[in-house]
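Engineer: Spelled out from the first residue to the last, the chains are:
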Amino acid sequence: MEEIYINKGDKATKTGFGEGVLAAAEKNQQVVGIGADITTSVGMNFFKDKFPERFISLGIAEQNCVGVAAGLALSGKIPVFATYAVFSAMRTTDQIRISVCYNNVHVIIGGAHAGISVGPDGATHQALEDIAIMRVLPNMTVISPCDATQAKILTEKAILDLKGPVYLRFGRELVPDFTLENQEIELGKGQLMKHGTDVSIMATGHLVWEALQAAEKLEMQGISARVINIHTIKPIDKEIIITAARETGAIVTAEEHQIFGGFGSAVAEVVVQNCPVPVEMVGISDRFGESGQPNELMKKYGLTAENIIGKCHQVLKRKHDVR
Amino acid sequence: MFSMRFLYFSHPKKWFKMFDRIADFDKLTALASKIRKDIIRSLEASGSGHLGGSLGLADVFTVLYFNRMSHDPENPLWPGRDRLILSIGHVAPVLYATLAYTGYFRESELLTLRKMGSRLQGHPGRDHHLPGLELSAGSLGQGLSVAVGMALAAKMDHENWKVFSVHGDGELQEGAIWEAAMSAAHHKLDNMIAIIDRNKVQIDGLVSQVMEIEPLAEKWKSFGWEVFECDGNNIPELISTFEKAEKVNGKPSVIIANTLMGKGVKSIEGDYRWHGKAPNQSETENFIRQIDEN
Numbered sequence: 002m003e004e005i006y007i008n009k010g011d012k013a014t015k016t017g018f019g020e021g022v023l024a025a026a027e028k029n030q031q032v033v034g035i036g037a038d039i040t041t042s043v044g045m046n047f048f049k050d051k052f053p054e055r056f057i058s059l060g061i062a063e064q065n066c067v068g069v070a071a072g073l074a075l076s077g078k079i080p081v082f083a084t085y086a087v088f089s090a091m092r093t094t095d096q097i098r099i100s101v102c103y104n105n106v107h108v109i110i111g112g113a114h115a116g117i118s119v120g121p122d123g124a125t126h127q128a129l130e131d132i133a134i135m136r137v138l139p140n141m142t143v144i145s146p147c148d149a150t151q152a153k154i155l156t157e158k159a160i161l162d163l164k165g166p167v168y169l170r171f172g173r174e175l176v177p178d179f180t181l182e183n184q185e186i187e188l189g190k191g192q193l194m195k196h197g198t199d200v201s202i203m204a205t206g207h208l209v210w211e212a213l214q215a216a217e218k219l220e221m222q223g224i225s226a227r228v229i230n231i232h233t234i235k236p237i238d239k240e241i242i243i244t245a246a247r248e249t250g251a252i253v254t255a256e257e258h259q260i261f262g263g264f265g266s267a268v269a270e271v272v273v274q275n276c277p278v279p280v281e282m283v284g285i286s287d288r289f290g291e292s293g294q295p296n297e298l299m300k301k302y303g304l305t306a307e308n309i310i311g312k313c314h315q316v317l318k319r320k321h322d323v324r
Numbered sequence: 004m005f006s007m008r009f010l011y012f013s014h015p016k017k018w019f020k021m022f023d024r025i026a027d028f029d030k031l032t033a034l035a036s037k038i039r040k041d042i043i044r045s046l047e048a049s050g051s052g053h054l055g056g057s058l059g060l061a062d063v064f065t066v067l068y069f070n071r072m073s074h075d076p077e078n079p080l081w082p083g084r085d086r087l088i089l090s091i092g093h094v095a096p097v098l099y100a101t102l103a104y105t106g107y108f109r110e111s112e113l114l115t116l117r118k119m120g121s122r123l124q125g126h127p128g129r130d131h132h133l134p135g136l137e138l139s140a141g142s143l144g145q146g147l148s149v150a151v152g153m154a155l156a157a158k159m160d161h162e163n164w165k166v167f168s169v170h171g172d173g174e175l176q177e178g179a180i181w182e183a184a185m186s187a188a189h190h191k192l193d194n195m196i197a198i199i200d201r202n203k204v205q206i207d208g209l210v211s212q213v214m215e216i217e218p219l220a221e222k223w224k225s226f227g228w229e230v231f232e233c234d235g236n237n238i239p240e241l242i243s244t245f246e247k248a249e250k251v252n253g254k255p256s257v258i259i260a261n262t263l264m265g266k267g268v269k270s271i272e273g274d275y276r277w278h279g280k281a282p283n284q285s286e287t288e289n290f291i292r293q294i295d296e297n
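Chains as they are written, first to last, in my numbering: chain X, 2 to 324; chain G, 4 to 297.
It is worth saying that the hints were derived from the structure and are not from the lab. Careful: at least some of the hints might be erroneous.
Simulated pairs of lysine-lysine, DSBU-like, Cα-Cα distance not exceeding 30 Å [said to hold, decoys possible]:
hint, chain 1, residue 1, chain 2, residue 2
1, G, K222, X, K51
2, X, K49, G, K247
3, X, K49, G, K158
4, X, K51, G, K191
5, G, K247, G, K222
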């Protein structure tokens, strides 16, 4: 249920992922890790340090990593493979489609350093298309936690409780860590973060924090905004989206990803087929990123609380024009 | 067909454990011929598919399933079984015919190949629950990685089962094969044996003209593999080569099996036009007659 959210201190979601892998590995000895050279920077070092005999180094060869993961899973292991999302989700898409998804094996693919907030590395390393690509693959579950605490919980759950292929998206940047250790959370179920009646803001990843900031400011302007965290993008929680569409009549989505095909599109697919209401989307508008400091880039590319507020005003105008 | 089945398959468990392999060359040759004829019949029934490569591999599959591999058609998921990864999914007909003959399912089902609702997909698909099928595959270059994953799992669990994988020579043009090759040697996976179907032909023509892969043995050697080469259509030679490969310690083995596309049907042997084609009714009768005459 609704909570007051306070930032406990900035923490990268990759760290939560790494802690989740370790927690799962401590409970199930079939969990194995696959490394493609950048083990520490994607948070897999916790696992590697504790279980070196269950860690397999395969070098900078991501396509092979995914195929090997499929072979391990077919033989009873639960492989976790993580590298930068641009490589783990995109260089390897055919291997994920056939060796993992078509075989419907329980392989956990971690997409680290996702989004434009990777910053100075520039466009080559900023994954802005991974959600779109992963969510069209049959059998795939797509998870995008909102902070490090949630990343840890969902990673552990995804490894231990799910059966098929899983894509977990997380970032490198230190972002607010605000959800509770003992939060009630279920894969496939959206989280109502804040009640509201005029407009619903649906966000994924660390933009959930931005959405909460936006809702607070909107409240001061007399606008009651509902905030929903969609941490499982596929299968998506249709019920929470349809209810929000019915009750608030306007939706703004927010993601650190291309608008085309991404999280906003996933929400819109549910809305137009069930309860058509105006939808506005905060995200990257069909272009590549660039080098810069994360906060600079978030502003330049329109991914802040201010941008969410702007889209809320736009969608409310459309909502009232229709009426 | 049915008398053979009765003769060999009345006690499948007894026959197919490693220690009860069929060692008689004449019996194995007869089985390979039967598999070839069923490949032809299943392709005629489907009206499409890859005939040449499937026929060329009939001897390799006969040797693997009737002589080398430890497996149990009555218990397809027996954890101790040897695994067969077919990386070149387009030659599925030879896998299906062999699985049927070993007793995983009835031979009559072979005539459902590539038809809607069939367990015998054009390229193998595990979602259709065909007993004995280890992997959905068909996008070239992926199977060796999966084999590496399986071999790693066996090593981690201190299990003795082996992984055999079958690849095309044209498939070796895929870069991911060499990523997998590097990793198998790095992890000293002596429990896996890759078989290259070296028929020198791919869809556009000769492998040497489309994209040369030679010097092939040297490539594998330099990647840290133990390399064997043999006549892939000679059953005794295949058996002795597998015996040697299985004894290799500390590194993976590859067998470059020189095969003839369309082997067994004289009139189409070596003809790349039969790579991806199915025979019509009169061709089917003609091809089966040629196999009987051999």
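Engineer: Hint by hint, note whether the structure agrees.
Structural biologist: Status of the hints after comparison with the structure:
1. G:K222 / X:K51: violated (37 Å)
2. X:K49 / G:K247: Distance of about 36 Å is beyond 30 Å: violated.
3. X:K49 / G:K158: Holds - the C-alpha atoms of K158 (chain G) and K49 (chain X) are around 18 Å apart, at most 30 Å.
4. X:K51 / G:K191: holds (23 Å)
5. G:K247 / G:K222: holds (20 Å)
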